[in-house]
Amino acid sequence: MVVSIVEGAQVVHMPASAAVPDAELVARAIDGERLALHLLYSRHVCAVAERVTRLLARSVEAEDVVQDAFIAAFRDLPQLAERDRFAPWLMSIAVRQAHRRFRRRRLLARFGLDQGADDAQLAQVADPAASPEQRAELARLDRKLARLPAAQRLAWMLRHVEGCTLDEVAEQCGCSLASAKRWLDKAERQLQAERDARAGR
Amino acid sequence: MSEMKSSRGGAPPLARALRSTVDEAAVRRMWSSIERRLPRERAVRGVRRAWLALAAVVVAGIAWVASAQLAPRHDAEPRALVLEDGRVFDSVEGDIAGGGVVGGNVVRGNVVRFADGSRIEAEPGARVEALAATPSEMALLVRRGRARFFVTPGGPRRWAIDARGVRVEVVGTVLTVEASERAVQVGVEVGAVLVRSPLLPDGVQRLSAGQDLRLALEEPVPPPGATAVETDPEPRTVAQPEAQASRGRKPSPRRQKPAPATSIESSRELWSRADTARASGQSELAIRLLEQLLRDHPDDAQAPLGAFTLGTVLAEQEQPERAARAFRRALELGLPSVLRELCLRRLEELEHDNQTSDEGAAPR
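Order-wise, the sequence lines are chains A and B. Note that this note's numbering numbers the first sequence so that position 99 is 99, with each residue one more than the last. Note that this note's numbering numbers the second sequence so that position 100 is 100, with each residue one more than the last.
Among the hints, erroneous ones may be present.
Straight-line alpha carbon distances no greater than 20 Å define the calculated SDA-like cross-link-like pairs of lysine to any residue that follow [what the hints assert, rightly or not]:
{"hint": "1", "chain 1": "A", "residue 1": "LYS144", "chain 2": "A", "residue 2": "ARG105"}
{"hint": "2", "chain 1": "A", "residue 1": "LYS144", "chain 2": "A", "residue 2": "ALA117"}
{"hint": "3", "chain 1": "A", "residue 1": "LYS144", "chain 2": "B", "residue 2": "LEU14"}
{"hint": "4", "chain 1": "A", "residue 1": "LYS144", "chain 2": "B", "residue 2": "ALA17"}
{"hint": "5", "chain 1": "A", "residue 1": "LYS144", "chain 2": "A", "residue 2": "GLY163"}
{"hint": "6", "chain 1": "A", "residue 1": "LYS181", "chain 2": "A", "residue 2": "LEU148"}
None of these hints come from the bench; they were simulated from the model.
Looking at chain B on its own, in the form it has when it is part of the complex:
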């Protein structure tokens, strides 16, 4: 203990008047305690290090999982879809020789590939243009010809393909859109799409894999004839012979008659008024307008759809016989294939109900 001195060396002023407070017993006692605690401290430190290491591993694991899950969303969220080489898609025009042109650059095989794996295959003569490419939307226009779309599912953006007033909304699927002067045809190979068009009975139609929809467009308005014509700047719908031919139906002579160029209400106006009437609950008015549509515009492209809608409204009004006649008329006029099955089913239901009611009435 003789070695133990103050760290200052010389005795401080007031401490000089104080006695030592530390004895040998206290020194030994404290050392014993320190000795006991030293290995424990080391053990505690070891355990603490082990826990820290474990915590670090857990945190790293959580961070890795989180980054693995969040990274794709992060990548997909903010950017608009671009081509796989980073360029912005402008348009593709299928070349007869088999080479496409994208933004002035030739693309081999008429195939446009996007960064997310989606692609467009434009057939020779087809032209597909980009209308908008935002993080949430990829809007395209099939200006002409036939193009096949492979849309990678699960992406953050909705694909919308326009073709002559018909809009096809895609989530993830393989589909074909063909735009010609007389019709727009949409075929779905994988997945499902929504087709929106004023030509459709309810304005929208869902197409699933294996289904196709052909929307016949209105023929150009005939030149003004001998009679005064109320010109309709909007395209008119007429039945398409090629559409009927594709269904194996022979065009009827009646339907080959030119559309009457009179001052009668246009098919579009009738269709619009019928829609409004039906939506507002004026079923009788809707029935009259639809019957007028069929009477005045039997060759109109909307005539089959009008007949189908008429049958639906009549069935709702519990007029099964008239409804069945309307459904049969729709089939005769060449209802699109996607509605034909539904029409046939409703017709069967009506006939079944009719038979049931007849049987029930027989004993009376």
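Here chain A stands alone, though its shape is the one from the complex:
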């Protein structure tokens, strides 16, 4: 499959994006090829957008963060040493942007200035096939997660919702492995304490 795109007077022919490794697309994007940027975006936007949307629980904010993340990534492409690791690098940029957005949201909420509404909480994005009990459990989890500090919430969600390894959690949070473990441990204990309180123990 060949993709053609007209860039000004120049016609660029490229093979289908799946056949081209990220490293090559990164190299061509650095050389200024707009099609390479588009292919990189197309290849990774869904993963990034879905994760950011789940982390932030707001679709509008998530779109902003995704755009900012891609803009930052495309701007800093020349600084990417391991070009074949574009995907985790991009994801870490997006998660850190989400973290920043989350902290800002908390700050605005403290002064009563947060006008946004959560439209992508776990219960809201539950699979249509999920049972009412599962939805109720997700809603309870949403409420508990909302009470966690931003870093602990992000770490817990990356680990238990997104299924990241500890190393991936640390990388995407931009912290050390020890910090990631500490955040996860604290989040887990708080969630457990709430579960215990709810159970009346």
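Dock chain B against chain A, hints included.
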């Protein structure tokens, strides 16, 4: 969209129970926004780079100007003045053959050059020694002979040249200092200096370009004679015939008489007491002491200055006739040239005032 997968590969546990939140419309919308922002980002980056470059140029310019202005001060501040070859100046002794000796090294032409461009020219037979060389002061002693000093102006240190008890303070100028057994002579070619000496009426005298000052020193105390003498270990001042000769005046026989070796109060003591009295407002006492100085030590080197000071005090006391007499006496005794003009002017003023008062009194 079928290519879009999670970076982890397999579906995570909880995410498996969640639906996709991203649709094609959102993907296109976001890409459109990113496309719009990319050139702007580049433009913003370009503008930012331009501003950074401009700021860097401005900062570099400021740094250059600052360093250009501060560097000379920095260089001049901490160091003592040394010779242009880096050695510390010790002394220079003018050789008859035209070669000087600085710290044991011969200097051609009797010229000592310093790192800041200043220099000393020692005439044959002259000796100039360094008393102190600090970052703020260059103190020299003209032990004997005549030396010419070229002091670079604007330097951080004050030059002070001593010669037989006379101190010449220099800021930036060209001057000559000559120290002989009988006198110290200071001549200024460029700039100005302050000459400090107890021999001066007020202890200090400013000399400008073209002026010179000759301070006659006291002759050695005569050996004890037939009468008991109260010896004064300090040098006494006597009129210098050569000083008078240099002014084209013939020494009067009276002034060639030897100083009286009696037990009368020394000229220095009288001068000191007169100064104290004048400073404390006891003008009458100062007048008496100065008149005694002129009476008992008419040949003293301080006599002309004493007469001038007496005239000044009398003028202050509104005794114009006595003041005029004192000024005339000062001129007769051989007042230094730097004071002669001032003395003549005051004398003229007094005579003018006298005439005016006479005219005013005539009709009465």
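Query raised in the report: Looking at the structure, which of the earlier hints fail to hold?
Result: none
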